[in-house]
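Peer 1: Got two chains here, separate frames each, mind docking them using the hints?
Chains as they are written, first to last, in our numbering: chain A, 1 to 80; chain W, 1 to 420.
Calculated from the structure, these hints are not laboratory results.
The reader is advised that the hints may include incorrect statements.
Simulated pairs of lysine to any residue, SDA-like, Cα-Cα distance not exceeding 25 angstroms [said to hold, decoys possible]:
(1) W:280 with W:225
(2) A:20 with W:30
(3) W:186 with A:47
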Amino acid sequence: MSDRTEIFDTVTRLIEPFNKKQAELGESTTFQGDLEWDSLTVMDFVAAIEDEFDIIITMNMQAEIETVGQLVDAVEKLKA
Amino acid sequence: MTETGLQPETLPADPAPLAPERDLMSKFDPLIAERQALLDSGVTDPFAIVMDEVRSPTEAVIKGRETILLGTYNYMGMTFDPDVIAAGHAALDQFGSGTNGSRMLNGTFRDHMEVEQALRDFYGVSGAIVFSTGYMANLGMISTLAGKGEYVILDADSHASIYDGCKQGYAEVVRFRHNDVNDLDKRLGRLPKEAGKLVVLEGVYSMLGDVAPLREMVAVAKKHGAMVLSDEAHSMGFYGPNGRGVYEDQGLERDVDFVVGTFSKSVGTVGGFCVSNHPKFEAIRLACRPYIFTASLPPSVVATAAASIRKLMTAEKKRAQLWENARKLHGGLTAMGFRLGTAQCESAIVAVILEDQEQAAAMWQALLDGGLYVNMARPPATPAGTFLLRCSLCAEHTPAQIDRVLGMFEAAGRAVGVLA
Numbered sequence: 001m002s003d004r005t006e007i008f009d010t011v012t013r014l015i016e017p018f019n020k021k022q023a024e025l026g027e028s029t030t031f032q033g034d035l036e037w038d039s040l041t042v043m044d045f046v047a048a049i050e051d052e053f054d055i056i057i058t059m060n061m062q063a064e065i066e067t068v069g070q071l072v073d074a075v076e077k078l079k080a
Numbered sequence: 001m002t003e004t005g006l007q008p009e010t011l012p013a014d015p016a017p018l019a020p021e022r023d024l025m026s027k028f029d030p031l032i033a034e035r036q037a038l039l040d041s042g043v044t045d046p047f048a049i050v051m052d053e054v055r056s057p058t059e060a061v062i063k064g065r066e067t068i069l070l071g072t073y074n075y076m077g078m079t080f081d082p083d084v085i086a087a088g089h090a091a092l093d094q095f096g097s098g099t100n101g102s103r104m105l106n107g108t109f110r111d112h113m114e115v116e117q118a119l120r121d122f123y124g125v126s127g128a129i130v131f132s133t134g135y136m137a138n139l140g141m142i143s144t145l146a147g148k149g150e151y152v153i154l155d156a157d158s159h160a161s162i163y164d165g166c167k168q169g170y171a172e173v174v175r176f177r178h179n180d181v182n183d184l185d186k187r188l189g190r191l192p193k194e195a196g197k198l199v200v201l202e203g204v205y206s207m208l209g210d211v212a213p214l215r216e217m218v219a220v221a222k223k224h225g226a227m228v229l230s231d232e233a234h235s236m237g238f239y240g241p242n243g244r245g246v247y248e249d250q251g252l253e254r255d256v257d258f259v260v261g262t263f264s265k266s267v268g269t270v271g272g273f274c275v276s277n278h279p280k281f282e283a284i285r286l287a288c289r290p291y292i293f294t295a296s297l298p299p300s301v302v303a304t305a306a307a308s309i310r311k312l313m314t315a316e317k318k319r320a321q322l323w324e325n326a327r328k329l330h331g332g333l334t335a336m337g338f339r340l341g342t343a344q345c346e347s348a349i350v351a352v353i354l355e356d357q358e359q360a361a362a363m364w365q366a367l368l369d370g371g372l373y374v375n376m377a378r379p380p381a382t383p384a385g386t387f388l389l390r391c392s393l394c395a396e397h398t399p400a401q402i403d404r405v406l407g408m409f410e411a412a413g414r415a416v417g418v419l420a
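Only chain W is shown next, with the shape it has when bound in the complex (with noise of 0.2 angstroms):
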């Protein structure tokens, strides 16, 4: 074939315009018509704030008004911590801006090994990968483990890179009750004994801020002879002895196969990583496509990740006052009258029910004019239909912070009538 097929003398001069049918945009109407709705009711549009500066991990400005951060997953603090931009200034200085390639290729500089060391020193185990996101560990290590004619088993309420992990890959995919250790059990009794299993669940589920009772379904995959994954994202730094997460805190660092974890929330920069003490783990790296077939971070990333994370192996201070935060803010806000996802204080995140769309938005908007920005959350990322009001706490928020933010959902709360 010639190239004279693509020469532009061959269009029209003036297309037509497409027909709705046959315009691949058009199946999107639906969703600007809601987005449209909820803009013309008055509301700032919730998933397009702009931080025009960010002067603190609990400080930004947003349209020339200070306000508090209560909806980023900055648990740690660790964004502006001088030794972690010193390593990372270092590094732009000494390895440059970028890596230009694949890990497999040119993208493996020295601060990519020393950013594994330090997750193998960190969760005591043999092997680490780093990934370019978190998104992408859970999609290369879940679609990468199973493969055809094997199981994936996975909680209802899974965050979407292990949905997507599942269809990225060639596995039977069922899925279990969220948190339901009989519902698991029932499930997985009733796959063929000899096929390969893997079940994947997450230490906190990060949209109610609830914990799994990892230590009983671990259990029971393990009675059904299945692999089990935990993704440790929302509780890194902060569960168990040396802060590995929810399945430390349960004991079960020699049950849990794999663990997946990021960059991104208390290590304070972005990239995704996968934690095992399985002897073969480094075949992951041939046969992992979202491994191979991507760009690998930049060297000031890494040097950062690195940094933070072998700080917050001894980051005993932050993690006693993390959790304090979220005590306050949970009692608090329990206290004044609202609806929460957890009944107790179980993880750095606090959601705040609400009854519907209308009376989010109200309250979020009512938030934020009093400079405080919380996460918004609908379906589907939530679960059962709710619509969430998500604040998540940082080591760094100050008592006298906390209090701001208690006011300001009380103000805010029987301004729009959700508490009476």
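Chain A on its own, in the form it takes in the complex (with noise of 0.2 angstroms):
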């Protein structure tokens, strides 16, 4: 299993909690238009990916953050 599949499916885990839609996720679902996340949902998910990977994403980077997709990516710079 690549490193990228794992953290997808890591940050997948983590979203659970926050998927209060049960909406199907997959690399393209956006936080704020499938998820319909507002921003204290976003403050807490942030916090527990930031935690299971020990890195921080700043607000600069989150800024550019759409898609699962993207954050996996994210991750796996950030890790790197």
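Peer 2: Shown next, in the form of structure tokens:
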């Protein structure tokens, strides 16, 4: 299993507790449009991701991340 | 390029209405609809109150009705102080109504220097810089202090001016959970050691009126080599031995690098400032765009601010009365069964937490109809999606006024069904 697949699986596992709409999760799922998260949910979720991977995703980077795939790419880059 | 392209004859005589997708204003349709729905429910627009007369720091006339003001930030009740008003009159007579320029060019008059000296005396510091509003003080200080490749670390419940200061600058921005010392520690620990860092805190958070554990937070910031800016907008005049703010109350005068404040609350006029003991502090004036590229405050405003700040240095009686008023209101509302932003009285802000917009608006309207003005606050300004009626006390509120306020809250609470 590649690193990216592993990160994708972890990210989707961490999304689940916040996935109130039970939206289908794929690379192109968007946080705002598909999951309909507000800024508080985003903050809690980002904290969970940061703790899991021991990274910091700055607000500047968060502004650029719209989809699950983009988040997985960002985590992969930050972990490297 | 010539000006011919701008001549009116090149425009169609009768332009077609803009298609919705090209009308930049159409993005506000949801906001307009939400406001209309609120107004259709029959309430007065809570964000369009007009004070037709202001009779004292605690009384105004709104739509012909005498109203107790319990939603201004006039904590120390300085707006009608005779010495403050006299200073303003004298400055108007001697220096005119405005400066017509930036502090950097022709906009620094005698009283701009005097108010900065009053701030140095009040805070016991070597440096003071006055901005045109408190909002611009945060905007300017944060965007100028933290540059590209550096970090601003801020509390999630920070005021909009702090968030906007981050957007105005080029630093990386990291936020931590509100007042959570461990979360701040963890986040600072993950940042590159060598990078410059500014931790931005507030002494009192204005929505719920809760005080920050500054001592612990500043210790954590220092451990990670960060500099600290504390916004003391809601604490000036009544925390600490000299009324300097929560940072003084918690014994942090040597550890907080920059203190930001405002003239629009305890001082009772308008303007913002930053004070610091940093030996290079004056350099901010040369680099800070919200300081350089805006007009300076009118002479009467800085003269009233200077007179007010000097009086606040010895306003022990007002300070004691303000705390007494805050404790009386907090205790009374708690006893009635209202849910408040803090379990104990921590500040001069008492926030009543309500279930939703409908309940908050009904309660707010009932209070206004009874002759009491409080602030209604709603998301996104409030934390955790709460709807609040925010009361802020004034040193000039009398015990009899607070009794009337409590009576009105009880009546409105029962009428609206907030109280059983």
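Peer 1: Taking the hints in turn, state whether each one holds.
Peer 2: Each hint, compared with the structure:
In summary, the hint linking residue 280 (chain W) to residue 225 (chain W) is supported, as the alpha carbons are separated by about 18 angstroms, within the 25 angstroms threshold. A distance of roughly 23 angstroms separates the Cα atoms of residue 20 (chain A) and residue 30 (chain W); the hinted pair therefore holds under the 25 angstroms criterion. Between residue 186 (chain W) and residue 47 (chain A) the CA atoms are separated by roughly 11 angstroms; this keeps the pair inside 25 angstroms, and the hint holds.
Violated hints: none; the structure is consistent with every hint.
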